[in-house]
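> One letter stands for each residue in the lines below.
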Amino acid sequence: MTDNNTPQSQPVTDEESQYSVEDVIDQTTDKSYSQGQLVMRRFFRHKAAMGGLVILLFVIVISFTSIGFGPIPGWWDKDFMTPSTVQNGGAPTLKLWPFQIGEHPFGQDTIGKDYFALVMRGSQVSLFIAFTVGIIATIIGTTIGAVAGYYRGLTESLLMRTTDLFIIIPALVLAAVFGRTFGSNVPILAVMLGVISWTGLARLVRGEVLSLREREFVAAARAIGTPSGTIIRRHVLPNALGTIVVNATLLISSAILTETAISFLGFGVRPPDTSLGLLIQTYQNALTTRPWLFWWPGIFILTIALCVNFIGDGLRDAFDPRQTLD
Amino acid sequence: MTQEAVLQFKDLDVKFKTEFGRVHAVKGLNLEVRPGEVVALVGESGSGKSVTATTALGLLPKNAAIGGETVVGQHSITKLNGKQLRTIRGNHVAMVFQEPMTALNPVIRVGEQLTEAMEVHGVAFGREAWSRAVDLLKAVGIPNAERRAKQFPHELSGGMRQRVVIAMALSCDPEVIIADEPTTALDVTVQADILDLLRSLKDKLNTGILLITHNMGVVADMADRVAVMFKGEIVEHGTAEEVLLHPQHPYTKRLLDAVPHLGDGHGQFGSKVNPVTTDELALEVRNFVIEYKRQGKKPFRAVDDVSFDVRRGEIVGLVGESGSGKSTIGRALLGLIPAHSGEVRVLGQDLTKLRGQELKKLRRRIGVIFQDPAASLNPRLPIGDVIAEPMVVHKIGNAAERKARVHELLDAVRLPRSAYNRYPHELSGGQRQRVSIARALTLNPDLLVADEPTSALDVSVQASVLEMFTDLQTEFGFACLFISHDLAVIDSLAHRVVVMQYGKIVEKGTREEVLLDAKEEYTRRLLAAAPVPDPIEQAQRREERHRLLESLGDEVVELDTRELDQ
Chain A
0 MTDNNTPQSQ
10 PVTDEESQYS
20 VEDVIDQTTD
30 KSYSQGQLVM
40 RRFFRHKAAM
50 GGLVILLFVI
60 VISFTSIGFG
70 PIPGWWDKDF
80 MTPSTVQNGG
90 APTLKLWPFQ
100 IGEHPFGQDT
110 IGKDYFALVM
120 RGSQVSLFIA
130 FTVGIIATII
140 GTTIGAVAGY
150 YRGLTESLLM
160 RTTDLFIIIP
170 ALVLAAVFGR
180 TFGSNVPILA
190 VMLGVISWTG
200 LARLVRGEVL
210 SLREREFVAA
220 ARAIGTPSGT
230 IIRRHVLPNA
240 LGTIVVNATL
250 LISSAILTET
260 AISFLGFGVR
270 PPDTSLGLLI
280 QTYQNALTTR
290 PWLFWWPGIF
300 ILTIALCVNF
310 IGDGLRDAFD
320 PRQTLD
Chain B
0 MTQEAVLQFK
10 DLDVKFKTEF
20 GRVHAVKGLN
30 LEVRPGEVVA
40 LVGESGSGKS
50 VTATTALGLL
60 PKNAAIGGET
70 VVGQHSITKL
80 NGKQLRTIRG
90 NHVAMVFQEP
100 MTALNPVIRV
110 GEQLTEAMEV
120 HGVAFGREAW
130 SRAVDLLKAV
140 GIPNAERRAK
150 QFPHELSGGM
160 RQRVVIAMAL
170 SCDPEVIIAD
180 EPTTALDVTV
190 QADILDLLRS
200 LKDKLNTGIL
210 LITHNMGVVA
220 DMADRVAVMF
230 KGEIVEHGTA
240 EEVLLHPQHP
250 YTKRLLDAVP
260 HLGDGHGQFG
270 SKVNPVTTDE
280 LALEVRNFVI
290 EYKRQGKKPF
300 RAVDDVSFDV
310 RRGEIVGLVG
320 ESGSGKSTIG
330 RALLGLIPAH
340 SGEVRVLGQD
350 LTKLRGQELK
360 KLRRRIGVIF
370 QDPAASLNPR
380 LPIGDVIAEP
390 MVVHKIGNAA
400 ERKARVHELL
410 DAVRLPRSAY
420 NRYPHELSGG
430 QRQRVSIARA
440 LTLNPDLLVA
450 DEPTSALDVS
460 VQASVLEMFT
470 DLQTEFGFAC
480 LFISHDLAVI
490 DSLAHRVVVM
500 QYGKIVEKGT
510 REEVLLDAKE
520 EYTRRLLAAA
530 PVPDPIEQAQ
540 RREERHRLLE
550 SLGDEVVELD
560 TRELDQ
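Going line by line, the protein sequences match chains A and B.
Per numbering that gives the first Met the number 0, the first sequence runs over residues 0 to 325.
Per numbering that gives the first Met the number 0, the second sequence runs over residues 0 to 565.
Subject to a maximum C-alpha distance of 27 Å in a straight line, what follows is the list of computed DSS-like cross-link-like pairs (lysine-lysine):
hint, chain 1, residue 1, chain 2, residue 2
1, B, Lys61, A, Lys46
2, B, Lys16, A, Lys46
3, B, Lys402, B, Lys359
4, B, Lys61, B, Lys82
5, B, Lys252, B, Lys26
6, B, Lys82, B, Lys9
Cβ pair distances, simulated, as ranges:
hint, chain 1, residue 1, chain 2, residue 2, range
7, A, Pro290, B, Arg85, 48 to 58 Å
8, A, Ile54, B, Ser75, 43 to 53 Å
9, A, Gly50, B, Ala64, 24 to 34 Å
10, B, Arg21, A, Phe57, 34 to 44 Å
11, B, Ser44, A, Phe43, 24 to 34 Å
12, B, Asp304, A, Glu155, 29 to 39 Å
Calculated from the structure, these hints are not laboratory results.
Bear in mind that the values here come from a model prediction, so they are computed numbers and not experimental data.
Using N, Cα and C, we set each Cβ at its ideal position, and we do this for glycine too.
Whenever a hint applies, use it, and build me the whole structure from the sequences.
Laid out in structure tokens, this is it:
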């Protein structure tokens, strides 16, 4: 209700509506904002989130187009497998002023591979793992949480105790076992990480559903005779969307760090393929002699994780405007 | 009256900055409260009455821009800093909130919450503060005050809790008390007690009271002077008699016309209720029992051996205070709560014995309206989808037919067709409740269960919704079980009335029998406690109620100043 909007925009003649506490529905237009549109509007006004989104998109685009992906070639003329002669001790040729990219903008590694291509490949693998983990964990977590929270009783006990079981298995131990068995198969590593990281989301969704199922619109739907599955899909989950989306983004950023940790320990991605974590592990001792070998993958991990976190932050504020009022 | 005012608002002006622009909540308001006087600030939601009162405690959020001045005693609140404000709060001005359960901290004992204010303001400390707390509890009429002071809020009943809140407000002997809807969350008999207590407060302690309420009955019962607020401005101001009996401003007139009047019967809002012509039963409830299982204890009987029926085309009012089991019955009829034993026949079929497809078929015959329109509509679905939902669930009609039906229903509940694409949050409370009624009527039900359908609405909105409801009932001819705690609302539309207490039926009969010539003690208490919006008549009713209480051997609640003098 904004100030003075009705009396000026449409002259009110009869006393009836002049002294009504109800706002008159504007009949001249069909325009309306759904909750989703309001959330989008708030999200686009969130500066940190928009910054994060732009940078993340930039990283994604540059990492996939530069060296290409699978059979598709990229615009960068070197790949991440072929060694060449090390020039100038492998130092980066990238200069900001006067601006020049040079032959090897991020430098070369010890055997002369182009480090820009390596970092791009690492980013590809890390992003692929992160988003796969995000999607798989969100689907599993949401389903289990929603079913447990809505049906309650024995179903809930069984599902939530299973969740507890998954929580007590240390991810790194599991990763070590699977890593030994499947070697450096990136898709399998991603799926495996997804299968073990849904637990937190399942608990959150269950909590949200527990409170939503007691709301009157759910009671109204049940009273009409709506089947349980439809109630969950149509009435409960859309209202839990805020929780789900926000936690999915946080899952993505934590998956990047988990992959890094696993590769760092040597259980994840193996050479000649590479990931950001693996690059850091390989060159952790190079910090003093060839610092760029450590810094570039480090900066990319930091950038991706921070951007995703900022986006999650913006989404949370957009879904829950009460938190941002100041 | 020459006494200096204890609370003054001078040209008060409040604006809020929000996401959707500025909201001008209070526009240049002038009002004063003198000692020993009750000034009622009346208005519907959004009128700015609570915002006005909150300025007296300096508790408005930071996005508010305050112009003008609020003066408590000698202090101008708007000019004080945080520390100075804290010495004013509680000491000079205190607040009684609407919902006593949320106003009290659930993990701190009642007595400790009372001593806190006294210790903060240096009125009393330690054991002395505790004994004063006990005295305060005694003064507000809490029996066994020594024991009660050691209890937690959840161990007290709603009325007791509100008395504790009043005792807290009194603890530092403020000059003015702001009571923000102090009885809205309470049952009508408890409300009458609390009002008696507040009235004795101004007489015996000479405290000024600013009473904020939307209930005209409460105003008539309590107020010396009345200020009517509408959209941030005071539109009418005068003594209770002047304003309530001879209103001048069109808004006040409209507001008073909209208040349902107990004893005036049908047709109060300009639409007649059709007489019932048939003896065919739409709903038959026999020896109905509902139990809630409790761990380690024997089950709680929420509904105990209840029998009543509703004929086709009849509106039966189900009345009771909180905890009487009236809503439980409503929910059980909708199949949301399983029955323990007994029979519920809807159009001849026993609801408790049906399963699967047959039950689903029978559900189509029952419509439902819930209390809170904000909670009973899915916020993510547009209005058109909400109303069409029953047709989707029961696979009736195609998209075009559904849309046509929704348009038809929007016309019936007097909403523009352009509401089709809107979302619930874009509508106001009354409009949302119209949507809920439209949804209940989508499948042309034979029986409608309405659970407090108007109690979350403003008075003027309630009147228009009730008018529309009776019109629809005449048009569609459904039978209706109308659950409400408000006797005046029931009086305006029901054919027959069932009164419940503690899960049992106390009295049932035609509207005239129950509401005009009650036989049972409980019904009489209930009727006596319901306030009417006429100060002279209400004063008589109050006397009558006090006589009734005396004849039943109860005491009238009032402040016992002997306890405070020590």
